[in-house]
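Q: Line by line, the protein sequences are chains H and B. Under the working numbering, the first residue of the first sequence is numbered 1, with each subsequent residue one higher. Under the working numbering, the first residue of the second sequence is numbered 196, with each subsequent residue one higher.
Accuracy of the hints is not assured; some may be wrong.
Capping the alpha-carbon separation at 30 Å, the derived lysine-lysine pairs in DSBU-like fashion look like this [claimed, not checked]:
hint : chain 1 : residue 1 : chain 2 : residue 2
1    : H       : 60        : B       : 469
2    : B       : 495       : B       : 467
3    : B       : 716       : H       : 136
No lab work stands behind these hints, which were simulated from the structure alone.
In case you want the letters, here they are:
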Amino acid sequence: MNAKTRNVLLVGVGGQGTILAGRVLAEGLLSFGYDVKMSEIHGMAQRGGSVSTHVRYGTKVYSPVICRGEADVVAAFEKMEALRRLPYLSPGGRLIVNNHEIFPMPVILGEAEYPREIEKTLSAVAPGTFVVEATKTAEDLGNTKVMNMVLLGAVVKSLGLDGMDWSGTFRACVPPRTVEVNERAFAAGMNLLPG
Amino acid sequence: MKAILSGNEAVAQGAWEAGCHVAAAYPGTPGTEILENLGRFPEVYCEWSPNEKVALEVASGASIAGARALSAMKHVGLNVAADPFFTMSYIGVNGGLVIVSADDPGLSSSQNEQDNRWYAIHAKVPMLEPSDSRECLDFTRAAFDISERFDTPVLLRLTTRICHGKSVVETGERVETAVREYRRNLAKNAMLPAFAKQKHYMVEKRLDDLREYGESSPLNSAEMVDGAEIGVIASGVGYQYAREALGDGASFLKIGFSWPLPRRLIREFASKVKILWVVEENDPFLETEIRAMGIPCFGKDVLPVVDELTPAIVARAVLGKKLAQALEAELPPPNRPPLLCPGCPHRGLFFPLGKKKDVIVTGDIGCYGLGSMPPLNVGETTICMGAGFSAAIGFQKAGEKAGRNQKVFGILGDSTFFHSGITGLIDAVVNKSRGVFVIMDNRITAMTGQQENPGSGRTLSGEDTVALDIPKICEACGVRRENIHVVDPYDLKASGEAVDRAWAAEELSVIVTTRPCALLKDVQKEREGLKCSVDEERCVLCGACLNLGCPAITKRGRIVIDQAACNGCGLCVQVCPKKAIGREGEAR
Ligand code: SF4
Ligand code: SF4
Numbered sequence: 001m002n003a004k005t006r007n008v009l010l011v012g013v014g015g016q017g018t019i020l021a022g023r024v025l026a027e028g029l030l031s032f033g034y035d036v037k038m039s040e041i042h043g044m045a046q047r048g049g050s051v052s053t054h055v056r057y058g059t060k061v062y063s064p065v066i067c068r069g070e071a072d073v074v075a076a077f078e079k080m081e082a083l084r085r086l087p088y089l090s091p092g093g094r095l096i097v098n099n100h101e102i103f104p105m106p107v108i109l110g111e112a113e114y115p116r117e118i119e120k121t122l123s124a125v126a127p128g129t130f131v132v133e134a135t136k137t138a139e140d141l142g143n144t145k146v147m148n149m150v151l152l153g154a155v156v157k158s159l160g161l162d163g164m165d166w167s168g169t170f171r172a173c174v175p176p177r178t179v180e181v182n183e184r185a186f187a188a189g190m191n192l193l194p195g
Numbered sequence: 196m197k198a199i200l201s202g203n204e205a206v207a208q209g210a211w212e213a214g215c216h217v218a219a220a221y222p223g224t225p226g227t228e229i230l231e232n233l234g235r236f237p238e239v240y241c242e243w244s245p246n247e248k249v250a251l252e253v254a255s256g257a258s259i260a261g262a263r264a265l266s267a268m269k270h271v272g273l274n275v276a277a278d279p280f281f282t283m284s285y286i287g288v289n290g291g292l293v294i295v296s297a298d299d300p301g302l303s304s305s306q307n308e309q310d311n312r313w314y315a316i317h318a319k320v321p322m323l324e325p326s327d328s329r330e331c332l333d334f335t336r337a338a339f340d341i342s343e344r345f346d347t348p349v350l351l352r353l354t355t356r357i358c359h360g361k362s363v364v365e366t367g368e369r370v371e372t373a374v375r376e377y378r379r380n381l382a383k384n385a386m387l388p389a390f391a392k393q394k395h396y397m398v399e400k401r402l403d404d405l406r407e408y409g410e411s412s413p414l415n416s417a418e419m420v421d422g423a424e425i426g427v428i429a430s431g432v433g434y435q436y437a438r439e440a441l442g443d444g445a446s447f448l449k450i451g452f453s454w455p456l457p458r459r460l461i462r463e464f465a466s467k468v469k470i471l472w473v474v475e476e477n478d479p480f481l482e483t484e485i486r487a488m489g490i491p492c493f494g495k496d497v498l499p500v501v502d503e504l505t506p507a508i509v510a511r512a513v514l515g516k517k518l519a520q521a522l523e524a525e526l527p528p529p530n531r532p533p534l535l536c537p538g539c540p541h542r543g544l545f546f547p548l549g550k551k552k553d554v555i556v557t558g559d560i561g562c563y564g565l566g567s568m569p570p571l572n573v574g575e576t577t578i579c580m581g582a583g584f585s586a587a588i589g590f591q592k593a594g595e596k597a598g599r600n601q602k603v604f605g606i607l608g609d610s611t612f613f614h615s616g617i618t619g620l621i622d623a624v625v626n627k628s629r630g631v632f633v634i635m636d637n638r639i640t641a642m643t644g645q646q647e648n649p650g651s652g653r654t655l656s657g658e659d660t661v662a663l664d665i666p667k668i669c670e671a672c673g674v675r676r677e678n679i680h681v682v683d684p685y686d687l688k689a690s691g692e693a694v695d696r697a698w699a700a701e702e703l704s705v706i707v708t709t710r711p712c713a714l715l716k717d718v719q720k721e722r723e724g725l726k727c728s729v730d731e732e733r734c735v736l737c738g739a740c741l742n743l744g745c746p747a748i749t750k751r752g753r754i755v756i757d758q759a760a761c762n763g764c765g766l767c768v769q770v771c772p773k774k775a776i777g778r779e780g781e782a783r
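Taking the hints into account, I'd like the entire structure generated from these sequences.
A: What follows is the structure, encoded as structure tokens:
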């Protein structure tokens, strides 16, 4: 087991399921024998604000939060949120971006513009950027809500944890009738990333 | 068994394991989930009380009667419960009494950043500060034992990162405790001045005993590193940050039993290190005491008092380390503030209220605080629970003195009305205030994640119960029936008329809205089939619908309504001047 603590940051918009994705990840890591800490902010952020979930694992983890410049993987459930949390990515880290836009109120009201060319900007500073169609993949599976598991699949692949057995984790974390679709979304997410 | 639990879940687990019998709380982020989780155990009676004072009094009564009892609240909740808290310190306990204060450094969902550790000093009670979920469980168990052993309530102080952080814990079995025998004892339980004075001597003596106990308590622990010059004294999550930042390069004294402070232990630790740091979030609580002992140390002269710490902040302060080089893109994303949900019933009252001239709105704690954000922009103040009403009274009086032609609308929600709004209403009636009070009754305590309240007709454990009738309560408080306007906030015309009538009234008026929270499961089911969409032929892109601030409506060249988000409330249909928006489907 790698002694170095690994850091995963899941970011998005309240209601997108970042917390559940973080929970599945943490439960899986626990079952593989890691020490895990996780941290999230609820409250106001539930109402359409930007949210982030920190997951850290290793042989012994102290802080529940990730510092700027130290995330091995940042997964953005919404495109613009990738831009907001970019400073957390470690140089050389992997940035997984869901190609999906949710306009914040200043944009809806025409007071601000939704940034253009986000992908290009991100790729220029962070070569480890991968843009994926997680929302569309989930739609194709017939359930937009499992977008979070598509992204989690991509995260797990990036961490090199795709060889582990995750089936028990899904059974423990999601309602029985959604286990199957969640697992399929997870598998589809792994396939979105190249080897 | 090993499990990953949040700090809140771990406190609930610990209380259950400790044989807790009774628990009471009012929901408040970040501590809400303690009672939600404790409520899953049938062995513990759990209730949502109308406010924190009532909750702590319920727990206090249970404790005096011999049961192990717990009351949980967020930091500002302890202000509300401060009255019984201070006196319970004098009375002490029969069954163990644990009071959880969930503080919010960094203000992720609070109106101030108060450090409730000062309450331990002020009320002269012992305080425990766990630093992760495992300790939340263990310390809660220990808190009950300390409470009974020293005849004192115990303050268990958490912070947001502890409450909502998750880490690995080892769960155990419940140790059944019998409800202790109760005997009438006025000198102990009735704090009339003569008895209370005697009790104060006891309290001072107890502090001495507790201080002695803390010196050898396993809740405090030292980790000495040979050759390390730096020593760190830390508590709560501050310990984890310091440990992460300094690793084996420093010795640590971790203070879990943080009031009264173990002075000998601290002196001994300080004598063994060259440079002493105190790492704690918010106020210099430990540091003040340590300095008062004449021990020089570094702390808040370098570390920030405002906001949360992080390992990087600690490393920068203690080691002079530069912050890691962070990637930056020169493309600043616009802010993404929290919003009223699609289909939120509050929007239907805020919208006409925001259009009205000569109106001042005093707000309160809860979702309706989001009404003060653009585009609705309704609301001037947010002070504390209940102040939406009471501050309106003062605002109105001041306006009258200044000769301003304004009407003050005080706004709060159903849960807040029961919490402490009701007393403001009584004040307004009796002292003849001429304002308008609005109760946005969405039938649930929404902001904290849907907890039952006295209006929702359910108890914490899901049993059916009486649902209090808000208009009737207002009438019973002395508001005249013709001045009480009950409106459907999805009907903009009706809401607007109620606002107009209340504005023009000579006497105090009340507006009560009647639509439940759009996030309630039943509501979502019922409205599932209701959707609005835009007829592009008719739409002239005037943007009137965007001014509702409904996140389901966006403009992407044309006006688009997100069919997954829309709950068919129909407000946009009503504001569109071109009748370009239509609604389909029926509520089930
Ligand atoms: S009906 Fe209109 S205002 Fe109501 S939720 Fe749907 S889009 Fe929003
Ligand atoms: S209010 Fe009606 S006409 Fe104006 S932009 Fe909205 S849908 Fe189009």
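Q: Which earlier hints can't be squared with this structure?
A: none
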